[in-house]
Amino acid sequence: MKVTTDKINSNLIKEVEEVSGQKVSACFQCAKCTGGCPVVWAMDVYPHQILRYAQLGLADELLNSKTLWICASCQTCDSRCPREVDIPKVIEALRLVLLRARGGNYLHPNNLPARVLENAPQQGLVSAFRKYAR
Amino acid sequence: MKRIGVFLCWCGSNIAATVDIEETMAAARKMPGVVYVDHNKYTCSEIGQAMIREAIAAHRLDRVVIGSCSPRMHENTFRKTVEAAGLNPFYLEIANIREQCSWVHKDKLTATEKAISLIRTAVAKAARSEPLFSTEMSIERRALVIGGGIAGIQAALDIADAGFEVDLVEKEPSIGGRMAQLDKTFPTLDCSACILTPKMVDVAQHGNINLITYSEVEKVEGFVGNFTVTIRNRARSVDMEKCTGCGDCYAKCPSKVDSEFEMGLAKRRAIYTPFPQAVPNKPAIDRANCRYFTSGKCKVCQKVCPAGAIDYEQQDQLVEKKYGAIVVATGFDTHKLDNYGEYAYGKHPDVITSLEFERLVNASGPTGGKILRPSNGQPPKNVAFIQCVGSRDKAKGNPYCAKICCMYTAKHAILLSEKVPGANAFVFYIDVRTPGKDYEEFYNRAYEECGATYIRGNVSKVFPDGDKLVVRSVDALSGALVELVVDMVVLATSVDARADARELAQKLSITTNAYNFFNEAHPKLRPVETQTAGVFLAGACQGPKDIPDTVAQASAAAVKVVSLLNKESLLSNPTVAEVDIKLCSGDMSCLAVCPYGAIAEKFIEERHGREIRKRRVAEVNTALCQGCGACTVACRPGAINLKGFTNEQILAEVDAICL
Amino acid sequence: MRYSYYPGCTLKTKAKVFEDTTLQTARALGLEFAEVEEWQCCGALYPLNTEEVFPLLSPVRSLAQARAAGCTKLVTLCAGCYNVFRRTNRTMRSDAEVRGKINGYLEEDYRGQVDVVHYLEILKNDVGFAELAEKVSRRLEGRKIAPYYGCLLLKPRNEMDFDDVENPTIFEDFLRALGANVVEYPYRTECCGSYLSMANEEVAATAVGRILTSAFKNGAEALVVACPLCKYNLEEYQKGFREAAGSPAAGIPVLYFTELLAEALDVREQDGQ
Ligand code: SF4
Ligand code: SF4
Chain A
1 MKVTTDKINS NLIKEVEEVS GQKVSACFQC AKCTGGCPVV WAMDVYPHQI
51 LRYAQLGLAD ELLNSKTLWI CASCQTCDSR CPREVDIPKV IEALRLVLLR
101 ARGGNYLHPN NLPARVLENA PQQGLVSAFR KYAR
Chain B
1001 MKRIGVFLCW CGSNIAATVD IEETMAAARK MPGVVYVDHN KYTCSEIGQA
1051 MIREAIAAHR LDRVVIGSCS PRMHENTFRK TVEAAGLNPF YLEIANIREQ
1101 CSWVHKDKLT ATEKAISLIR TAVAKAARSE PLFSTEMSIE RRALVIGGGI
1151 AGIQAALDIA DAGFEVDLVE KEPSIGGRMA QLDKTFPTLD CSACILTPKM
1201 VDVAQHGNIN LITYSEVEKV EGFVGNFTVT IRNRARSVDM EKCTGCGDCY
1251 AKCPSKVDSE FEMGLAKRRA IYTPFPQAVP NKPAIDRANC RYFTSGKCKV
1301 CQKVCPAGAI DYEQQDQLVE KKYGAIVVAT GFDTHKLDNY GEYAYGKHPD
1351 VITSLEFERL VNASGPTGGK ILRPSNGQPP KNVAFIQCVG SRDKAKGNPY
1401 CAKICCMYTA KHAILLSEKV PGANAFVFYI DVRTPGKDYE EFYNRAYEEC
1451 GATYIRGNVS KVFPDGDKLV VRSVDALSGA LVELVVDMVV LATSVDARAD
1501 ARELAQKLSI TTNAYNFFNE AHPKLRPVET QTAGVFLAGA CQGPKDIPDT
1551 VAQASAAAVK VVSLLNKESL LSNPTVAEVD IKLCSGDMSC LAVCPYGAIA
1601 EKFIEERHGR EIRKRRVAEV NTALCQGCGA CTVACRPGAI NLKGFTNEQI
1651 LAEVDAICL
Chain C
2001 MRYSYYPGCT LKTKAKVFED TTLQTARALG LEFAEVEEWQ CCGALYPLNT
2051 EEVFPLLSPV RSLAQARAAG CTKLVTLCAG CYNVFRRTNR TMRSDAEVRG
2101 KINGYLEEDY RGQVDVVHYL EILKNDVGFA ELAEKVSRRL EGRKIAPYYG
2151 CLLLKPRNEM DFDDVENPTI FEDFLRALGA NVVEYPYRTE CCGSYLSMAN
2201 EEVAATAVGR ILTSAFKNGA EALVVACPLC KYNLEEYQKG FREAAGSPAA
2251 GIPVLYFTEL LAEALDVREQ DGQ
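Residue numbers (the working numbering), protein chains in the order written: chain A, 1 to 134; chain B, 1001 to 1659; chain C, 2001 to 2273.
So that you can see chain A by itself, here it is in the shape it has in the complex (with noise of 0.2 Å):
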């Protein structure tokens, strides 16, 4: 990882502001969010370094990032945020440009267990959906 002038001004920086609505440069990096983020031990890139890593314009390592497909929404980290960021609404963003960019999708009908087809609700299914293919 390596932070360069050119990677500061990135693009997809600006890209991810604008689909997300959030200002990255809020981020005073306490932290508070990954603290408390129920799933944090499955991420490789935690919630607060997402926004350390967009305010340096590390977009590879964001793009290429697990947490993108970790993070369940659940808000608790917003929900705590002292600077006001909606880190899942930045989380989102970045997962939409990739899934645009990739034009593939993350999670497939043909890949889900029958098991879980079979019992869990539609609500769920409705959501995985929504967050993981376009």
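Accuracy of the hints is not assured; some may be wrong.
Said to hold, decoys possible - Derived lysine-lysine pairs resembling BS3-like cross-links, with alpha carbons at most 30 Å apart: (1) A:LYS23 - B:LYS1394; (2) B:LYS1582 - B:LYS1002; (3) C:LYS2239 - A:LYS66; (4) B:LYS1336 - B:LYS1370; (5) B:LYS1106 - A:LYS14; (6) B:LYS1396 - C:LYS2124; (7) B:LYS1347 - C:LYS2217; (8) A:LYS23 - B:LYS1171; (9) A:LYS14 - C:LYS2144; (10) B:LYS1267 - B:LYS1468; (11) C:LYS2217 - B:LYS1468; (12) B:LYS1106 - B:LYS1524; (13) C:LYS2144 - B:LYS1252; (14) B:LYS1106 - A:LYS23; (15) B:LYS1381 - C:LYS2217; (16) B:LYS1336 - B:LYS1507; (17) B:LYS1381 - B:LYS1403; (18) A:LYS14 - B:LYS1394; (19) B:LYS1396 - A:LYS23; (20) B:LYS1347 - B:LYS1396; (21) B:LYS1336 - A:LYS23; (22) B:LYS1347 - C:LYS2101; (23) A:LYS14 - B:LYS1396; (24) C:LYS2124 - B:LYS1468; (25) B:LYS1403 - B:LYS1242; (26) A:LYS23 - A:LYS2; (27) B:LYS1468 - C:LYS2239; (28) B:LYS1336 - C:LYS2124; (29) A:LYS23 - C:LYS2217; (30) B:LYS1171 - B:LYS1219.
Simulated from the structure, these hints should not be mistaken for laboratory data. Just so you know, these numbers come straight off a predicted model, no measurement behind them.
Take the given structure of chain A and dock chains B and C with the ligands to it, following the hints.
Same frame as chain A, but now just chains B and C with the ligands:
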């Protein structure tokens, strides 16, 4: 025709880099009435001022226009300059070509154009200025200090030592304030009580200080040098003359309530002194919790009082007093934690605030200075300190930094290591801020010598788990997730303005910022004055502050008071409103808009043929008028004029810009 | 009182018991729930970006219908629907641009005139918990029940305005009204993993494990929820938790709050009739 001189200031490059001085001078020469134009690199310097004085004499100037910085900077200086040259000081006009021109424009052409326009405006106004004269007013040589914490105590002592009488009004039964609650003070760790108590005693014994406890300011009228203040002496139910302070009453009182002084960690009685070293050391009855007042039966204190000092019949008394100056030193409240459910405060007894911790370490506190867990009375092994609770949080708390928490938390960590050997302090922080003499060294000591572990991360949640507490966070520096099991959590609670600060501000005609801290007149150059002459600020009521800063500000405020009370007399501000009775219709629109209560109605008698008729007109109390001009706008017949800013002058200014 | 009732997809299928017990108890309490005609899926998630506006069409259509039907309140049960409706309604009240787009498309003039409420809120505010307690004929005496709030009822903090995000009390107050023993445990608002159970099962399973452990340690005999997805996750991953916890208990049943309500009001027998 007036003979007007125009002087342009470069202000180094502040103005000259953006405004073309040559061109502006050329334009000024063509303005009506202008007979002399000059410029200077720094007009406010002695050389610059001399240039003006000489030009006035040499060119027989009778009006002066200076194009420079804002009149808020140097108007007084330049008024003296023209006065020294024999002109009425109000023959001076300043055109602000810095803040309102060169600093806000980038393009030289437009800036120059605007500077010319501003000069033309000032010239038009100067041509119509009349001489104005101040009148002399007497001064009431006594001061009022509101609030008996360390700020009020220091200010009162300094003013009293200078030989003036001071009334110190405190709303609690004793002076001492927040500082009396603290254990040790940073960065020296000297004992708070040891340095405060002697000062409290000095206050009580000072011949010039009149201590008025259990009292509040009800109403403030008047103006600098001549305030009339109504003070409410709340019924103490104890006769201060008779009471000897023996304490028999509160030993026997059957009603126990949470002690405010002990932050609810101990009980007090309904008749109480807040703490043993109270000054005055005489109790008050808290009627809301007194059995006699709530149920009509009890009177135990009356029975046991050997001095017969208990008086249930006492009433609140309103006392009116006169003062020349007022110092506001009302202190702060700690932030309410209602919005911080994630920290389990109020859910688990071992989650406490920093001020509660302060009482726990205090030798005179509820545990005799032993740090013990409120849940089971055992010393804690692991303690988490969470900084910035309610601070730097624009979503749920105060957006500002409370300034004192980093330092007192370092102090708490040091005290923990001293009082509970082997205990571990974990300090969770966002940034550690230690600007101040010997402050950084003190913080270094906390982690280097006293073993505190600093973790860079805001705690997100505290989970009660049996008799332990789980603290969840992350160390942002290493990226390690943090999950600590601790015995106690201390929340470094933010500093708020007093809940009733706005109310008091209204009474005093002073302003507050968005968070209800009182505003100083200028953040750098007039830090202890307010916009209202004669009202000064000391301590945390103006913004979060530690003890050294508070004491410094209190002494500064005292100096301001002393220099005011030392004056022979005060000069009134001559730029006040004036009613032309001939035009006044008596509809009193002006009275409704005047924020200072400076307008009254008066009845004049007029002869109509044979008949004498009474007619209502407005009258301005020039001592109260602050010259804001609201009345001149409200007056439909145009009967009110503000001296120095007459309707004629203002219209001339508008014409100068537009025509 | 008459309410517009939005059931949502899950209550019509996998969570039939949620709807049945809701309608039974509402009837018993004299509340009239009139189902919105031809409602559509709410979209399950409120869009977390500035670009997607059209997912709001469906909830607004239902809200506008509720208004046309003369109802001032639209009630939902599923926490997912509630979250979407509540936030959509808020947007329609405060965001003129989105409002213009949606109304233009629907040819409506909906500006948030209808209040979106959860059944729990009706029980608290319109019925009243004290009154509810009086109507209870079979008190759930001695039953140790742990409320599980999950996320969607409460968060985001500044948009939902349902209860205190960190220390909510509505579920506890409800359970007390039914006479149950409320189990307090710190994980009642921690996320269950939500839709991660569709794509990242081990993550959801771990999240569920923590919640169950916490509730179990504090003596819970049953969990009560308001969300079909929470219920699914909490049930689906019990097996792993039981093994890990070495718990002999056969598992902790997860119930919809309306099931307990039906039981306490003694209207459940009607099921078969
Ligand atoms: S809680 Fe907010 S300010 Fe703190 S690190 Fe996370 S996004 Fe940044
Ligand atoms: S919204 Fe995402 S990042 Fe935030 S706490 Fe929940 S899972 Fe973690």
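Okay, the hints, checked on the actual structure:
| no. | hint | in the structure |
| --- | --- | --- |
| 1 | A:LYS23 - B:LYS1394 | holds (15 Å) |
| 2 | B:LYS1582 - B:LYS1002 | holds (29 Å) |
| 3 | C:LYS2239 - A:LYS66 | holds (27 Å) |
| 4 | B:LYS1336 - B:LYS1370 | holds (26 Å) |
| 5 | B:LYS1106 - A:LYS14 | holds (28 Å) |
| 6 | B:LYS1396 - C:LYS2124 | holds (26 Å) |
| 7 | B:LYS1347 - C:LYS2217 | holds (18 Å) |
| 8 | A:LYS23 - B:LYS1171 | violated (46 Å) |
| 9 | A:LYS14 - C:LYS2144 | violated (52 Å) |
| 10 | B:LYS1267 - B:LYS1468 | holds (26 Å) |
| 11 | C:LYS2217 - B:LYS1468 | holds (14 Å) |
| 12 | B:LYS1106 - B:LYS1524 | holds (27 Å) |
| 13 | C:LYS2144 - B:LYS1252 | violated (45 Å) |
| 14 | B:LYS1106 - A:LYS23 | holds (29 Å) |
| 15 | B:LYS1381 - C:LYS2217 | holds (24 Å) |
| 16 | B:LYS1336 - B:LYS1507 | holds (25 Å) |
| 17 | B:LYS1381 - B:LYS1403 | holds (28 Å) |
| 18 | A:LYS14 - B:LYS1394 | holds (24 Å) |
| 19 | B:LYS1396 - A:LYS23 | holds (18 Å) |
| 20 | B:LYS1347 - B:LYS1396 | holds (19 Å) |
| 21 | B:LYS1336 - A:LYS23 | holds (29 Å) |
| 22 | B:LYS1347 - C:LYS2101 | violated (46 Å) |
| 23 | A:LYS14 - B:LYS1396 | holds (28 Å) |
| 24 | C:LYS2124 - B:LYS1468 | violated (34 Å) |
| 25 | B:LYS1403 - B:LYS1242 | violated (44 Å) |
| 26 | A:LYS23 - A:LYS2 | holds (22 Å) |
| 27 | B:LYS1468 - C:LYS2239 | holds (28 Å) |
| 28 | B:LYS1336 - C:LYS2124 | holds (27 Å) |
| 29 | A:LYS23 - C:LYS2217 | violated (42 Å) |
| 30 | B:LYS1171 - B:LYS1219 | holds (15 Å) |
Checked against the numbered hints listed earlier, the structure breaks hints 8, 9, 13, 22, 24, 25, 29; every other hint is satisfied.
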